[in-house]
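Colleague: Chain by chain, the residues run as shown.
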Amino acid sequence: MKRFLVPLLVLLFAAGNVFAAVAPQSPAPDFTLKSLEGKNLRLAEQRGNVVLVNFWASWCGPCKVEMPHLNKLYDKYRAAGFTMLGVNVDEDPRTAIGAAGKLAVRFPVLFDADKLVSKLYDLQSMPATVLIDRDGRVRYLHRGYREGMEEAYDKQIRELVKE
Amino acid sequence: MGVIDSPPKRLRRSPPGGQRWRTGGAGSAAFAWLLRVFGTLLASLGIAPAQAAVLPDDRAEALLHVYDGGGVRAAGPAFLVRKSLADRVALSAQYYVDAVSNASIDVVTTASPFKETRTAFGLGADYLVRDALLSFSMDSSKEPDYQADTFNLNVSQDVFAGMTTLSIGFGRGRDDVGKKDIGMFDHATHWQYRTGVTQILSPRWLASANFEVVSDDGYLGNPYRAAQEFGAFVPERVPRTRSSRAVKLRAIGDIGEAGNRLAVRGEFRHYWDTWDIKAETLEFGASRYFGSQWLADASLRYYTQSKALFYSDNAPQQNLYVTRNRQLGQFNSIGLNLKTTYTFGGAAAKYGTKLSGGYEFKKFSFKDFTDLRTGQPYSHNAHVLQVYVSATY
Amino acid sequence: MMKRLLLSALLPALLGGCAIEPWVKPFERERLADPIMQFQRDALSERHREHIHVVREGARGATGVQGGGCGCN
Chain A
1 MKRFLVPLLV LLFAAGNVFA AVAPQSPAPD FTLKSLEGKN LRLAEQRGNV VLVNFWASWC
61 GPCKVEMPHL NKLYDKYRAA GFTMLGVNVD EDPRTAIGAA GKLAVRFPVL FDADKLVSKL
121 YDLQSMPATV LIDRDGRVRY LHRGYREGME EAYDKQIREL VKE
Chain B
164 MGVIDSPPKR LRRSPPGGQR WRTGGAGSAA FAWLLRVFGT LLASLGIAPA QAAVLPDDRA
224 EALLHVYDGG GVRAAGPAFL VRKSLADRVA LSAQYYVDAV SNASIDVVTT ASPFKETRTA
284 FGLGADYLVR DALLSFSMDS SKEPDYQADT FNLNVSQDVF AGMTTLSIGF GRGRDDVGKK
344 DIGMFDHATH WQYRTGVTQI LSPRWLASAN FEVVSDDGYL GNPYRAAQEF GAFVPERVPR
404 TRSSRAVKLR AIGDIGEAGN RLAVRGEFRH YWDTWDIKAE TLEFGASRYF GSQWLADASL
464 RYYTQSKALF YSDNAPQQNL YVTRNRQLGQ FNSIGLNLKT TYTFGGAAAK YGTKLSGGYE
524 FKKFSFKDFT DLRTGQPYSH NAHVLQVYVS ATY
Chain C
557 MMKRLLLSAL LPALLGGCAI EPWVKPFERE RLADPIMQFQ RDALSERHRE HIHVVREGAR
617 GATGVQGGGC GCN
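Residue numbers (my numbering), protein chains in the order written: chain A, 1 to 163; chain B, 164 to 556; chain C, 557 to 629.
Derived by calculation from the structure, the hints in this document are not laboratory data. Some hints here could point you the wrong way.
Quick list of in silico lysine-lysine cross-link-like pairs, BS3-like style, CA-CA up to 30 Å [claimed, not checked]:
hint	chain 1	residue 1	chain 2	residue 2
1	A	119	A	39
2	B	246	A	64
3	B	526	A	102
4	B	526	A	76
5	A	119	C	559
6	B	278	B	526
7	B	517	A	64
The shape of chain A in the complex, shown without the other chains (with noise of 0.2 Å):
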């Protein structure tokens, strides 16, 4: 067992640095992706307003929960420069139509389908949610969705509003 020890621990220590492509205080890496009303949308032309990204997909159960959360956030705060992204990995953007329709989704729908904008923010999570600021600075990440996050996305968006 000893003899395993020296380098059991370097393992501990080189596992203890994970590299985030997207830490906090870092600029949000800057993406087009093509809307569900056809035209294309870039981030960085967001700069200026607040920006919440949201990953999400069809076969993903908390995103769906998720979504009604979402729209009553974008309707409170879009007054006050604030927009919402939908980011979609589905396969097929058809099937991300579909449910974009069912859910009533009212922000923006991107389609990611070749995942390299997923790729590019290294989620580790499903659904995955980033606050951007005006400077276009990730200030906050939230992994998953869990009953009860929503009061701290609208708490943190009106915090970034008043920036």
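Starting from the known structure of chain A, arrange chains B and C on it as the hints suggest.
Modeller: Chains B and C in isolation, oriented as in the chain A frame:
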């Protein structure tokens, strides 16, 4: 029903050398070890972020099942209702009726055909505790001459960013065994210990391994069944303990295109117990979507088992235990199952309403059980039919 | 005892710290999430099927279906 006149003869021979009849003690030692390993793993992973487990979805199902094979006909309805509360608990209830008309070869050659109805109901609760799913269930089955009550507890935990799911489970059953015209005369207890791991291999493949120990204690025979000794019918004499182990390996993968998904699966189970029965089960299946509303399943299952130590078609000597229960003899069975599911469109689509119909053809071939009417090794076909409708809400 | 303590201390690093990275990302699990990728899709139907196997055969267990007993013969 069964006609048993001569009482079992006094035991003269000791049990066959080398065979240990294990009780629930060995099983519980294995379970304690499993708990320790699982506990260590869970404790150490409490810190690590894991993919959230989900409650099973709300569902209502109504099933009509029919089994017709070897002279036995069993049919009846079954119902399932499940509802989740506050996204934390899912409660479920099940009800099952089996109207049995038994004219099987045992019954026909040693007794007379009979009819009886079995009713079973169960209640279950699933709790979501952070990243673990705890499931409790209680089932009760009632026949005129048999009452079985079972309790099950399972814990399943997603670890390693949801790539791996570990599960552990425990079950205990208590039966009251009876005989017509006598009433309840004995008991049986059953213990089950289960553990399993499911692993995501790739974006398209999953594999799982399951291990289960089952231990039985008490009256494990059938008060109506006769065995044969020197050509004469005697009541069967079955040990009062039995302990079994089973290991199952499965893999399932999606080999279809983006439009129409096609899942194929393979399963293999190896079983062995203290009655010296060894069995292998091999199953292959495929499921494919046809358009947006049709789903078809097909599967092939092959089962083979070796006989129990004290099984004999016609015992040439008197042993402590003897049985002529062909389900404990050497036999194999092959089954082909076809199923279709239709998802309703229109107004019913809101509830994901589905209608399924399935048919399975099975063939049983017994190697050392003689059909007393013909003198040949017995074999029979069986037909299994299932029609059910399900909705999620 | 020492072995268990060591294991408890190291496992979170190895698994939580992801020295072995999960090689299927959460956003790549679309096909795995499809109902046809479940080993047992319809609980009631599977339960009935398993009941037939337990009654007509000598083997039992490791199927993932938990149920009660009966005096079925």
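Colleague: Tell me if the straight-line CA distance from residue 278 (chain B) to residue 526 (chain B) falls inside 30 Å.
Modeller: holds (24 Å)
Colleague: Sort out whether residue 64 (chain A) lies within 30 Å of residue 246 (chain B), counting only the CA atoms.
Modeller: holds (18 Å)
Colleague: Does residue 64 (chain A) lie within 30 Å of residue 517 (chain B) when you go C-alpha to C-alpha?
Modeller: holds (21 Å)
Colleague: Verify the proposed pairing of residue 119 (chain A) with residue 559 (chain C), using a straight-line Cα cut of 30 Å.
Modeller: violated (38 Å)
Colleague: Under the criterion that the straight-line Cα-Cα distance not exceed 30 Å, is the pair residue 526 (chain B), residue 76 (chain A) satisfied?
Modeller: violated (65 Å)
Colleague: Going straight from one Cα to the other, do residue 526 (chain B) and residue 102 (chain A) come out at no more than 30 Å?
Modeller: violated (47 Å)
Colleague: Straight-line Cα separation of residue 119 (chain A) and residue 39 (chain A) no greater than 30 Å?
Modeller: holds (22 Å)
In the structure shown, a violation is registered for the earlier hints numbered 3, 4, 5, in ascending order.
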